[in-house]
Each structure stands twice: as structure tokens, then as C-alpha cells.
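Peer 1: Here is what each chain is made of, one letter per residue.
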Amino acid sequence: MEKYYLGIDVGSVSTNVVLMDEENSVFYKKYLRTQGKPIEILKKSIEDIVKEVGEIEILGVGTTGSGRYLADIIVGADIVKNEITAHAIAGLNYNPSVRTIIEIGGQDSKIIILRDGIVVDFAMNTVCAAGTGSFLDRQAIRLGIDISEFGNLALKSKNPVRIAGRCAVFAESDMIHKQQLGHNQSDIAKGLCDALVRNYLNNVGKGKEILEPILFQGGVAANIGIRKAFEEALNMEVQVPDNYDVMGAIGAAILAKEEMKKKKRTHFKGFSIGSLEHNVRGFECDGCSNRCEVVEIGTNNRILARYGDKCGKWSNSIKNEDSKLA
Amino acid sequence: MKITFPHFGNVYIAGKAFFEELGQEVIPPPKSSRKTLEMGTKFSQETICLPLKVMIGNFLESIEKGADTIVLTGSCGPCRFGYYSILQRNILEELGYNVEFIVLDPAGEGFKRLKKNAYTLFNAKNIRDVYRAGKLGWQLINKADYITDLSNKKRAYAVNSHEVDAIIDRYYRDAEKTFRAKELMDLMDDTINELNNVKLKDGFEPIRIGIIGEIYTVIEPFVNMEIERKLGHMGVLVDKSLTPTIWVEHHVKSFPFGSKTERLKYKKAEPYLKTLVGGHGRETVGSAVYYAENGFDGAIQLLPLNCMPEIVAKSILSSVIEDYKFPIMTLILDEMTGEAGYMTRLEAFVDLLYRKREEKKWKSII
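The listed protein sequences derive, respectively, from chains A and B. Per the working numbering: the first sequence = residues 60 to 385. Per the working numbering: the second sequence = residues 10 to 375.
Note that these hints are calculated values from the structure, not bench results. Where is the CB? At the ideal position from N, CA and C, for every residue including glycine. Some hints could be false.
Said to hold, decoys possible - Label-pair ranges, simulated between beta-carbon atoms:
(1) B:GLY212 <-> A:PHE229: 25 to 31 Å
(2) B:LYS11 <-> A:GLU336: 37 to 43 Å
(3) B:GLU47 <-> A:ILE362: 28 to 34 Å
(4) A:ASP345 <-> B:ASP195: 49 to 55 Å
(5) B:ASN315 <-> A:VAL228: 50 to 56 Å
(6) A:PHE342 <-> B:GLY212: 40 to 46 Å
(7) B:GLY350 <-> A:GLU336: 29 to 35 Å
(8) A:GLY266 <-> B:LYS269: 31 to 37 Å
(9) A:HIS326 <-> B:LYS11: 29 to 35 Å
(10) A:ILE177 <-> B:LYS269: 35 to 41 Å
(11) B:ILE95 <-> A:ILE362: 28 to 34 Å
(12) B:LEU96 <-> A:ILE235: 44 to 50 Å
(13) A:ILE200 <-> B:ILE320: 35 to 41 Å
(14) B:LEU96 <-> A:LEU240: 33 to 39 Å
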């Protein structure tokens, strides 16, 4: 039976799964939309592995992304890591000399600065989501173009319009304004790409020393228009790794491999979890005025985890080790 | 007179016993919660800084419980805090509450008024009474801070860091039930004993992080989303640049010269910032330099959204980062801050520090 490490990245917009072998090369990858139901998508992706690859052995599991704890509860992880570390690890694996990683995902964007193979600085978007994947998605719908066509459309532009990209709301109204003036779609698409890049560099990349080699990761890296806009703005070459869309999951798999050097057995709960019934129940705790919304995940009359409480009254009431999220 | 005051970290524990000792009736506000914030946000100006909103929530909840006198300290630097009492009085008046405000402004703002306020508040007839009350308050605050600090240390080293949380939570709950200083002191001693009995990891070397920034966000755990606990559970030793003890020492005990700790910060900040920029902007810069020079692995700057002094400090900190090769992360807090993103940043920062330390070790071997 073939042996692989499983990397899972549960993000706000997409859930990515990769299988990686001992040589850090990706054997299988899957990019699914989370669609607001992470548990179901997660289970489906695990089931899909069996269907598409057949019987394999999992040596270790790593999870990352904003749903990393949830993924741990459902699948059973050996290591749970934040997205920044996971993306940095994956970037280094692709290009060991990388010095800047630009990552733009569904709801957040980050910059990771590396020197000599270690992360020395990072930043994430603070109080604004302008310039992330969700924003682009929405504007593409508004323009009536498929998001996968967006980049190519932007490349056709000869005379890009300038769109105020500081804030998603203003960018949208400015874009509508330009639309009503009669600018063509490709100029508007290019204008949006430029605005997004400008916003990213002014916000997330502010004060950071951006040096080559630069990697561009995350779902938005598929957009060739954005990549071009980055190259123009920075006057540097921007590389997009082959597996740009699942870099987080790759990082998680590599971290799992490192972790398994220290451990004997994986926590992986097996491929059968795909067919298990998970019930999620939410309730408001009335123990104090915090009124925490507690989430309880259970299966087969067994409670797997509770979380969401500030005081630990619920999360600590379960004895299994993997339920401590607080 | 039923006294209340805004929440400010562990100060309410000492404050309650202190005023009780002086024969005042004290109604501390319920622990700051989401409800507090919701109420505060609803009745405050949208663009005002976060501490004012939380405080308004605290006041409303205390008034609900029967408080009629609000005690607040003042300030006269270029920071909005100096204007808080006036604004808050207006907000409460507009809501139809008729409460007394006792504002302890710095002596520079008029010694007579400060004296009158202190005498009423401390139930004092002469300066000796005030002095005696002050001495007791000092002891209580000192001890309360010692416990907070001790719990932060133990949490980093503990085999089961959640055990420390359980002890501290119990202490906070029980402290509300105690009456006067003696009972509280006993409870504090028990808590210290319990903390000292927590089982610790052998030969563990935690990452050390200094917390710098705006005083209210640094001290109030509800507002900084329990940053000390979150870091403690990751095995990080947390040191806070500002505590109630440090504040009292600087503004009251060592008046008018200022305390040694704070003057050291000014000195450290001098190459970057020579003057007062309001709030604790200068101290933030000084503390960052202090932590960098004293073998800390990194620092985290906390500030409420649109805090002016800290924004000044933030732009200066990038020079400190450059000069000392010392990682500093800034976290901005307001009522919109999400916990997941906050956690991700903390985790990633701690990862960064660990890797940096490993690299340093490796280099020193060669």
C-alpha cells in the first residue's frame, strides 16, 4: 500500500486537500469551495480520496486555515498550524531562496518576509477586506464575467481606468461610476487589478522590504491580471508556484511529516469518517453576561468537541485531548 | 454614596477592598463582557477610542446595580483620556442618569480640587488619613499585580497550563465575595500558595515576549482578548510593560518626580522620541528598547483603533525593529476584532520567534 502525508487547509472560501509523499512532491490535490459548510466539504474530500486514489495509508495529518481546529476535530490531526507558517513552509519547499511571499486568499491577504529560509516578518490585512478574493469574486459577478476569465480580460486592456481601491465599498461605487461613463470591461477589470495591488502594497505591504524572489500564492494567484499588476507595481518578477492554490495544505503536509519524526502513530481517524454522521448543535450559554455561543460537535452519541466559550466551562468539560481549543 | 469605577484589569479587586476599608460602599461593575461592550458601543460616539465605550458599558451596568458615584482618574496630556470624564458625564446625563463624578485629576490641574476629591473619597479628615488609606491601597494593588504576574509565569512553565486558569478564575470569583482588606489578603495568600504548587515542566526554556502599548488595552483582559492566557498556553513567558502598580508608582507614589521604571523608559526612548506625545506613546518606545536590550525574543504592541499616541509610537517602532533586529508585532483592537484572526497572528508570531531562536542557537554552535 502506498503511503502519504495528508495536508488539509480549511479556508473561508476554499477547502484544499493534498496527499504528499516522502519526497515532498504532491501526488494528489483537491480544491473545493467551502460554501459555508466546512464539515460536509471536509468529509466529502476525504471520501473522494478513497474513490479517486484507492486504498492508501496515511502517515500523518496536518491542518491549517481558519478552520484548522474544526478539521482537527473531524479528521484527527497530528499538527495544527496557522496559515502563515504553513504558507512559508510550502513556499520554501518550492523555492528555498524565496524572500517574499504574497498570499491572497478569500478573506485575508498576507505578506511573509523571509531571509535565509526563516520568517523574519509578516503582516495580514487589518480591518479591511478590500483586495481579497471575495471582493474580486463579487466584482466579477457585477461585471457579468466569470472569475476565471477576469485575468485574461484585464490583460487585454490598453487604457486602464483608475479605481479608488482603498475601501471595498468605495471601490465598488467608483467602479459603477466608471461603468456608467462607458469604459469598456477590460479597462475596468485592469483598473480593479491595479487598485487591488495598490491597496495591498499600501496596507499589508507597508514598510516591508520586498525583495526577489517573490512567490505569489493563494487562490487569487490564478488571476494573471493581478500577477501582472504586481510585476508592474514592483518592477520585479513575481513567480506563481505550480500548486499556488493549495500551498497552505502542502505546508500542513510538510509540517505533519516533520511532526511524525517525533511521534509513533498518527491521530488520523481513518477514511471511514467520510461516512460518519456529524451533528452540530449551537447554543447560547447563560452562565454569565458574556452569553457565549457554544458549538458542540458530536457523532454517534459521542460528543467530539465543544468550543466558543470564553471561560472553558464547556470546552474543558470533555476529556479527550483534542477538544481543548480555548 | 455608592462608589463604582470602570474595570481596569485586576484593579477592581484591590479597589473594592480599599474603599471598603475606608467605610465606603462599593459596587464594582460586573466583569466586562460582550453585553458591556454592546451597551457601551450603542451609547458612545462611533469614532471614539474603544476604552471609552467599554467604560460607558461598565458605568451603565454598575448604575443598574445601584451605584451613584463614579470614580475616575484624569489626565492632561494630548490624549483623549483627559476628556473622558467630561464626555462620559454628558453621555450619562443625556441618558437621564444623575450620577456624581469624582475625577482625580493630576495635581497640576489644581491641587485644591484634588485635595477636596481625595478627602471625600477617602472619608478623610486630614492628610494623615489620606496617607494611611494610600498606603493600604498600594499594598493591595501590589499584591494583586504580583498574582497576575505569577500566574503568567506559571502558565508558561506549567505541565497543564489550564490548571493555572482554573486557579485564577476561582480567585476572581471568590474575590468578589470577600469583604474588606483582611479577607482579601487571606484569599490572595491562598491563591499564591496554590499557584506555587502547580507542577512545572523541567528544563523548559519559554519564549519571552514583552507586551507594550496603550495602557488600558495592555491591562484589561477583556479588551486584549486575554492575550496573556493565549500566549501562556503556547508556552510563552509574558511580561507587561504597564501594570496598575507601575502606574501608581509613577503617578502617585513617586510624585512629582516619576518612578525609576518610567524614567528609565524615557531614557531608552530618547534617541527616538524626546517628548511627550500623549498617553503612553513615549513609554511604548522606551519599553520596546528595554525589552530588546534585555534578551527578550520579541514584543507585541497593543492599541485601540485610532489611538493617537500609539500610532505615533508605531511609526517609530519600525526604527527600533531595524536598529535592534528585534521583532515587534502590532495588534489593533476594537469592537470588530475577530478572535480567529487574532489567534492566527499570535501563533504565527510565536512560531517566528521560535524559529529565530533556533537559528541563533545553531549559529552560536558554529
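Peer 1: Compare the structure with each hint and give your call.
Peer 2: Okay, the hints, checked on the actual structure:
1. B:GLY212 <-> A:PHE229: 25 to 31 Å: violated, 55 Å
2. B:LYS11 <-> A:GLU336: 37 to 43 Å: violated, 55 Å
3. B:GLU47 <-> A:ILE362: 28 to 34 Å: holds, 30 Å
4. A:ASP345 <-> B:ASP195: 49 to 55 Å: For ASP195 (chain B) against ASP345 (chain A), whose Cβ atoms are near 32 Å apart, the range 49 to 55 Å is violated.
5. B:ASN315 <-> A:VAL228: 50 to 56 Å: About 19 Å separates the Cβ atoms of ASN315 (chain B) and VAL228 (chain A), which means 50 to 56 Å is violated.
6. A:PHE342 <-> B:GLY212: 40 to 46 Å: holds, 43 Å
7. B:GLY350 <-> A:GLU336: 29 to 35 Å: holds, 31 Å
8. A:GLY266 <-> B:LYS269: 31 to 37 Å: holds, 33 Å
9. A:HIS326 <-> B:LYS11: 29 to 35 Å: violated, 55 Å
10. A:ILE177 <-> B:LYS269: 35 to 41 Å: holds, 37 Å
11. B:ILE95 <-> A:ILE362: 28 to 34 Å: violated, 52 Å
12. B:LEU96 <-> A:ILE235: 44 to 50 Å: violated, 39 Å
13. A:ILE200 <-> B:ILE320: 35 to 41 Å: holds, 37 Å
14. B:LEU96 <-> A:LEU240: 33 to 39 Å: violated, 44 Å
When each numbered hint is compared with the structure, violations occur for hints 1, 2, 4, 5, 9, 11, 12, 14.
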